[in-house]
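**Q** Chains as they are written, first to last, in the working numbering: chain A, 1263 to 1415; chain B, 1263 to 1415; chain C, 1263 to 1415; chain D, 1263 to 1415; chain E, 1263 to 1415; chain F, 1263 to 1415.
Keep in mind that a hint or two might mislead.
Remember, identical chains collapse to one label, so a pair may be satisfied in a single copy or spanning two.
[Claimed, not checked] Simulated crosslink set (BS3-like; lysine-lysine; CA at most 27 Å straight-line):
| id | residue 1 | residue 2 |
| --- | --- | --- |
| 1 | K1365 | K1317 |
| 2 | K1365 | K1378 |
| 3 | K1374 | K1318 |
| 4 | K1312 | K1374 |
| 5 | K1351 | K1312 |
| 6 | K1369 | K1351 |
No lab work stands behind these hints, which were simulated from the structure alone. The model shown is predicted, which means the values in this text are computed figures rather than measured ones.
Protein chains: 6
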Amino acid sequence: MSDEPKFFEDYEIGESFVTPGRTITETDVVTHAMHSGDWQPHHTDAEFCKTQPFKKPIAHGTLTFAFSVGLIFRAESANPNVMNYGYDKIRFPALVFPGDTIKVEVKITAKKDHHKIKTHGLLTQTETTVNQRGETVAFVEHILFVTRRTPLD
Amino acid sequence: MSDEPKFFEDYEIGESFVTPGRTITETDVVTHAMHSGDWQPHHTDAEFCKTQPFKKPIAHGTLTFAFSVGLIFRAESANPNVMNYGYDKIRFPALVFPGDTIKVEVKITAKKDHHKIKTHGLLTQTETTVNQRGETVAFVEHILFVTRRTPLD
Amino acid sequence: MSDEPKFFEDYEIGESFVTPGRTITETDVVTHAMHSGDWQPHHTDAEFCKTQPFKKPIAHGTLTFAFSVGLIFRAESANPNVMNYGYDKIRFPALVFPGDTIKVEVKITAKKDHHKIKTHGLLTQTETTVNQRGETVAFVEHILFVTRRTPLD
Amino acid sequence: MSDEPKFFEDYEIGESFVTPGRTITETDVVTHAMHSGDWQPHHTDAEFCKTQPFKKPIAHGTLTFAFSVGLIFRAESANPNVMNYGYDKIRFPALVFPGDTIKVEVKITAKKDHHKIKTHGLLTQTETTVNQRGETVAFVEHILFVTRRTPLD
Amino acid sequence: MSDEPKFFEDYEIGESFVTPGRTITETDVVTHAMHSGDWQPHHTDAEFCKTQPFKKPIAHGTLTFAFSVGLIFRAESANPNVMNYGYDKIRFPALVFPGDTIKVEVKITAKKDHHKIKTHGLLTQTETTVNQRGETVAFVEHILFVTRRTPLD
Amino acid sequence: MSDEPKFFEDYEIGESFVTPGRTITETDVVTHAMHSGDWQPHHTDAEFCKTQPFKKPIAHGTLTFAFSVGLIFRAESANPNVMNYGYDKIRFPALVFPGDTIKVEVKITAKKDHHKIKTHGLLTQTETTVNQRGETVAFVEHILFVTRRTPLD
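In isolation and in its complexed conformation, chain A is listed as follows (with noise of 0.2 Å):
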């Protein structure tokens, strides 16, 4: 809390940390449906689940998405550098259940100069959501768009 705000020269490459934990409930992924209004029957139909090979609602991708974000936040100081660019790919390579625990494991993996604009930088951090077992949840490659301390010339 007391140290100042990281600026694109301080970040590395392979640093990392891990976020703390959020078990998702059912309230969550109805709450999710409605806030988004993505009704899908996946996740908001039990007995449509029962016919699937998942057998009962699942959370939305986008859920896990939004509350990994939501995870980063918590475990960094808000850092008023840092800017969300954009993402170069979201996966999700397992399901997510109500009673479910998730965790985000979060690495700097590039540094790039945006191409343009020279008083920012853009950096890769990858996020790997993980569930209570290990299994990745979400893969994520973020592109965050970050204050230099000194502008490129």
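Chain A is already provided as a structure; the job is to place chains B, C, D, E and F on it using the hints.
**A** Just chains B, C, D, E and F, lined up with the frame of chain A:
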């Protein structure tokens, strides 16, 4: 509604549609911060925002993204043959503020076989979220995993 | 609070009371759209509303109705002898906008025996929801199914 | 989606459709109590419910009603020509418990002229909400106020 | 309801009442974590809880406290003469788990003049929240600031 | 993050920190009324508020209190050694309105042994919630029950 669900073979490159609109409200931003646990000051601290170029709280990228998925759900007949495979690129070219109304322009831009699984194919769906002034606020390459009517052999 | 719950015999035609008020907010309309899944553009698309005579999003009829039930609950001692039987007429004579404050005028207007069940009677309760200008925004004939102190024979 | 919105003249008596299903959860009942302010012990006090024939908390009638409206919204193309006029009868013949999955059978059962307004007509839509065992849990006569393609003279 | 609101002079030491009950659900705990932003692992990480003596997520103290205030609100006629002055002691002698049903025993235990303000008096209200087994889960000394019918001179 | 959790012995009187800020919105006040069930007209009836000195709806004390706890959670590394023991004094010296931004100044002001339990100690943490003008809106003496590295004998 009376139509039977589409299979992989039924989608054609270039097919497109536009979703209904949804107005983003302060309620949505606050609910999204609570739900995701992402309290970045850009979204939840009006005093911090006054010191920034954008002046007032902005919507989360994950909000715009999840709402876009919800709007697409509303515009299509729910199709049990379609599962979410992942995303290959997500960008947020312009900010979303409470009061903005977004809709999504959806277009099939590629079809591919899966390298192993014969019963499904991969569909690339470009999802461009625009605001009431026609500005693009989110751009997504969405990969769908769709059941084939006739498996490959 | 210290009173014992009323039985069917205790209600008199003409009895009436007025509930406390509740201000309808944008939050309520957004929450109701999410919760019910009713995203009609009249309630959730500000750009569409600008093209309509009412100019801005309006509350759902089911919102006004459910909130009126809630206000009546607050105004009465909770009575375990009363169950909801149904409604015979619901009308929405004027629109409700965020910022309006509603309250409900409640009046017992009829008492009837049930044609088969001797242990309960049917009460008609007229529920008139008015806004801060005294305009009626909802009118309901509510039928209550109330335990008798003494069953009919 | 690509269809133009239906006018009053386009609806035919006997037309019908069935909505998708939605599983009612504990989350829904708690959210509805909070949102409406209706905390009747039948819905929110498990100890009280143990003393009653139904043994555990039941969903509010206004919940089933509002969710049915939401499910109908999902099943139809949003039609800006349709406004809600009111309801002529609502009954709840069986209880809804968390875990039940409901869907709505919708049928046009009457068409009437409005006694004064020439630009719209009145449509009676019977909405029968059934659970996963096919039992009717709500029955509604819904009156819709629909723009005519050609006003009466 | 028909009563006029009580003034400071109308309250007597020893007066007491018991509120209705409310069952605490998983939904309530998740909603409270989201709403307050308090994601302590005791409340939201089921895997962490398995390593603790209490084994599963517990409700927040601030949840029990806020819900007790809400239950007291339900049990009393809303009284515009009463404002919240503060609390002198809050303790949580036993844990609250989802599934527990709480109610509050409320008792006036002291009346004091305010040292400066003549138009109001200070009321101490002891609020003891108990679960379905009669165990005290919260104990509060609540100070109310109540309008006098006749100001002191 | 990489730090190991603090024990009772590690806290020093005079230690302090300030939390991030959070803007209180209309959404927060409405959500809190719904969640807690506290619908006092001071918070939820805009017409009533117009007749009062404060003119418009104000936030609940329990909202400010719960949000302050959430802000403190965000500012500290989550510490599994700390449990909530209770509060010795809570006051609300100024009103909170939607639009205000609060943060909390936290200071350790006392350390005490528990009279019976040797494995934990009692920490008094003064929590002063201030608005964007630096006015104190809540003042709390929070008692924490903290595991000792070395139990007393």
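**Q** Name the hints, by number, that the structure is in violation of.
**A** 2, 3, 4, 5
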